[in-house]
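Here the structure of chain A is known, so what remains is to put chain B in place on it, guided by the hints.
Residue numbers (numbering that gives the first Met the number 0), protein chains in the order written: chain A, 0 to 314; chain B, 0 to 314.
Just so you know, the hints here were simulated from the structure itself, not pulled from any lab data.
Owing to the predicted nature of the structure, the values given are computational and were not obtained by experimental measurement.
Be careful, since some hints might not be right.
Note: identical chains are not told apart, hence a pair may lie in one copy or across any two.
[Stated by the list, open to error] 25 Å max Cα-Cα, derived BS3-like pairs, lysine-lysine:
#: 1; residue 1: K107; residue 2: K16
#: 2; residue 1: K100; residue 2: K16
#: 3; residue 1: K174; residue 2: K259
There are 2 protein chains.
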Amino acid sequence: MDLGEFALIDCIRNQYKVPEGFLGIGDDCAVIPQCDGLETLLTTDMLMEGVHFLIDDVDPYSLGWKSAAVNISDIAGMGGIPVASFLSFALPKKLSDTFLKEFLRGYKDLSDRFDCPLLGGDTTSSLDRLCISVSVLGNCPSGLSRKRSAAQEGDIICVSGCLGDSAAGLQVILKGLERGELESELVRRHYRPVPRVGEGIALSKLPGVHAMMDISDGIGSDLRHILDESHKAAEVDTASLPLSDELKEACQKYCWDPVKLALNGGEDYELLFTVSPEAYSEGLPVLSYPIGRVVSGDGIRWIGRNENFMGFRHF
Amino acid sequence: MDLGEFALIDCIRNQYKVPEGFLGIGDDCAVIPQCDGLETLLTTDMLMEGVHFLIDDVDPYSLGWKSAAVNISDIAGMGGIPVASFLSFALPKKLSDTFLKEFLRGYKDLSDRFDCPLLGGDTTSSLDRLCISVSVLGNCPSGLSRKRSAAQEGDIICVSGCLGDSAAGLQVILKGLERGELESELVRRHYRPVPRVGEGIALSKLPGVHAMMDISDGIGSDLRHILDESHKAAEVDTASLPLSDELKEACQKYCWDPVKLALNGGEDYELLFTVSPEAYSEGLPVLSYPIGRVVSGDGIRWIGRNENFMGFRHF
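Here chain A stands alone, though its shape is the one from the complex (with noise of 0.2 Å):
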């Protein structure tokens, strides 16, 4: 194959029409216009083994919690309410009912979060590898969906939380580095994210905040698909990004460049937003990093850093 991801993305996309009042592809959800005010949003994610997580390290518990999580964290980039979640999974012969059952157990406990339950998907049986597929359908007070495209010149970037700590994590699973506290928890961020619903729809309900989507790509992709649609450009300033003090320890020990990790890692699972200065200063409702600003024009300028960071890439 020759296309790469975005490439195909846009070649689905550009067949599509997209009916009046619906979104299609290129934002977290979908959102299809219902009756009385409210919008649905559906959202989509596959992990596969051998890409997502390794069979022999990934613990059963921390794969379902995050197979449900990832897909919550969608709704949440775009201020929606999670309402039903949907799980299909080829089952390789090799799995174990023990896996299987543990796996549940922690899809569940994350579902439970957010009173999202699990009302339907798919079983089916896989030659080698396990595949796991999620939906999640969510809803929203029509137009209060934050969508990719709506961010401002002169926004102030921000996000939710620390960056890099879930980038860490895998590095120290990838490597197979000796686990003590530190590494475990980094190791647990990775696996454990805790999708930002509560803030999204906080967020949601300002009219300052423009843009807004969650972070499963790092910064370096994600910002670049908030800026794609709003067709704006951004500097970021490379020292102002929230890193968390594992982090610091770990790329000290370790000697990993922070930066990179919250640039290019993803999985953060945190909230990407852009907000108006006004509505900035006037307090935010959620824990806010300012990282950066909108500005007019292509691409992105890393202050502070001679290089480009492009984030992660599936293919």
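Leaving out everything else, chain B in the frame of chain A:
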């Protein structure tokens, strides 16, 4: 894995409380009440290389067609109107751009027939095999969606079209039979089902039509779902199963058992429904073949055959 498919589904189903007015696991679609007399339907299906299709045999256009069709058929099985679809795939490196484009062309041609645009999904990479997951969202006036659980004693069991052609087409593929006109036609029926959307909507408007679903795993399995959910039994007259001329011809040529293909084969994507004798005698608005009757008790009595038929099992 020792858990069977249905034991696994039951295990999941028992863990989640279904909110009032919702319908969860155990039917063709989940049902989510919306305001103003509408319900949202959601269904999802996974298709795995090596399990549901052989990548070296399948025509990518047909695979795309069928991926959309089997999900839209679940909406049809409840009497719903398809609104939008969501396509996720995990793509192995070996897959050519041509394969992908033909797949998308087939997916779109089927979707366009039912005015059901693709509004989202996920693309990721796969280490080796192609994996496809499709979700379709539909809607239905409140109270009109037809459940599996509504069969009543005395109901006539009907199907909307011929059974077994798809299963015979699969035999042609699996046995590598030389493809004359007859064999090619059966293969086409296997790969290019047309969901019975209009028929499902028409039937959902008749109060005398009680239980309904689409036929994906064969009557031997699917009728059992209706009976289990309705706490009823059935008598099926195996001599009354509607069989196409092509199926009869192929069965003579290859010494196949048409009843087995019709009952165990699956993937017909016709509608299976139960209807009161009164409504039946008044005439149904769609092509229907009566094949048996709902009775009290347990299980299915196959009149004319001294054996049991269980339909297709995924694992």
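Here is how each hint holds up against the structure:
1. K107 / K16: Between copies only: 11 Å across chains, 36 Å inside a chain, cut-off 25 Å.
2. K100 / K16: between (42 Å within a copy, 18 Å between copies)
3. K174 / K259: within (17 Å within a copy, 54 Å between copies)
Every hint from the earlier list agrees with this structure, and none is contradicted.
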